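*Asks:* Sequence:
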Amino acid sequence: GDACVASICDPRAVERCIAAGPGLTIGLELGGHTDRLHGPPLHIAGEVRNLSIGRYVNAGPMHAGVEVNLGPTAVVRVRGIDVVVTTYAETPIDLNVFRSQGIEPTARRVIALKGKGHFRAAFEPIAARVVLVEGPGITGSDLSRLKFERVRRPIWPLDPDLDWDITATRR
1139 GDACVASICD
1149 PRAVERCIAA
1159 GPGLTIGLEL
1169 GGHTDRLHGP
1179 PLHIAGEVRN
1189 LSIGRYVNAG
1199 PMHAGVEVNL
1209 GPTAVVRVRG
1219 IDVVVTTYAE
1229 TPIDLNVFRS
1239 QGIEPTARRV
1249 IALKGKGHFR
1259 AAFEPIAARV
1269 VLVEGPGITG
1279 SDLSRLKFER
1289 VRRPIWPLDP
1299 DLDWDITATR
1309 R
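Going by the numbering used here, the first residue of the sequence shown is number 1139, and it counts up by one from there.
Derived from the structure by calculation, the hints contain no laboratory data. Some clues are possibly wrong.
[To be verified] Mimicking EDC-like on lysine to aspartate or glutamate, the simulated pairs with C-alpha atoms at most 16 Å apart in a straight line are: (1) 1252 <-> 1272; (2) 1254 <-> 1287; (3) 1285 <-> 1301; (4) 1254 <-> 1272; (5) 1285 <-> 1173; (6) 1254 <-> 1228; (7) 1252 <-> 1228; (8) 1285 <-> 1303.
Just so we're clear, the structure is a prediction, and the values are computed from it rather than from any experiment.
Please put together the full structure from these sequences, using the hints given.
*Replies:* Right, here's the structure in full:
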């Protein structure tokens, strides 16, 4: 494949991959188990390409030398895309998230990372361009998409037309 993704945290999917073993194609309901905000699981069929204990050391530039523990980890190839599926959630900020799984990121045309901004230090130097995508859930930048139940309104940035005065004193 010429694309790779890091990472989807789904302990149940990892267990299914371990039970199947490398080289077998299995059906999975991947992700979407956290809550309804983040969308439903993806129904996929993929080949188990790699299984590991999910440990690596960051090469840097961010957190160089820090050991990362993803827990048991699987790589599943879905339609030519290698997806790193982990037991523990971790923001991918280092090329070793792929290299530790037998994937060389510099050899891929497309790298998808499930993270906000800290990926740039390691991945921007190998990228022709970076495309940011707004996904569903609580980690997005568009706060108006979330349902707030206990917030006094109006409040910025939920009410963008609010006439806000920084010098005003608190009531």
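*Asks:* Against the 16 Å threshold, does the CA-CA distance of residue 1285 and residue 1301 hold or violate the hint?
*Replies:* With Cα atoms ~22 Å apart, residue 1285 and residue 1301 exceed 16 Å; violated.
*Asks:* Does residue 1228 sit within 16 Å of residue 1254, going by the straight-line distance between their CA atoms?
*Replies:* Roughly 12 Å separates the two Cα atoms, so the pair holds.
*Asks:* Please verify whether residue 1252 and residue 1272 have alpha carbons no more than 16 Å apart.
*Replies:* With a Cα-Cα distance of about 10 Å, the restraint between residue 1252 and residue 1272 holds, given a limit of 16 Å.
*Asks:* Would the pair residue 1285 and residue 1173 pass a check requiring their Cα atoms to be no farther apart than 16 Å?
*Replies:* Holds, at roughly 14 Å.
*Asks:* Holds or violated: residue 1285 with residue 1303, Cα cutoff 16 Å?
*Replies:* violated, 25 Å
*Asks:* Assess, step by step, whether the Cα of residue 1252 is no farther than 16 Å from the Cα of residue 1228, and give holds or violated.
*Replies:* holds, 9 Å
*Asks:* CA of residue 1254 to CA of residue 1272, is that 16 Å or under?
*Replies:* Measuring from Cα to Cα gives roughly 9 Å; hence the hint holds.
*Asks:* Against the 16 Å threshold, does the CA-CA distance of residue 1254 and residue 1287 hold or violate the hint?
*Replies:* Roughly 25 Å separates the two Cα atoms, so the pair is violated.
In summary, the structure is inconsistent with hints 2, 3, 8 from the numbered list given earlier, while agreeing with the others.
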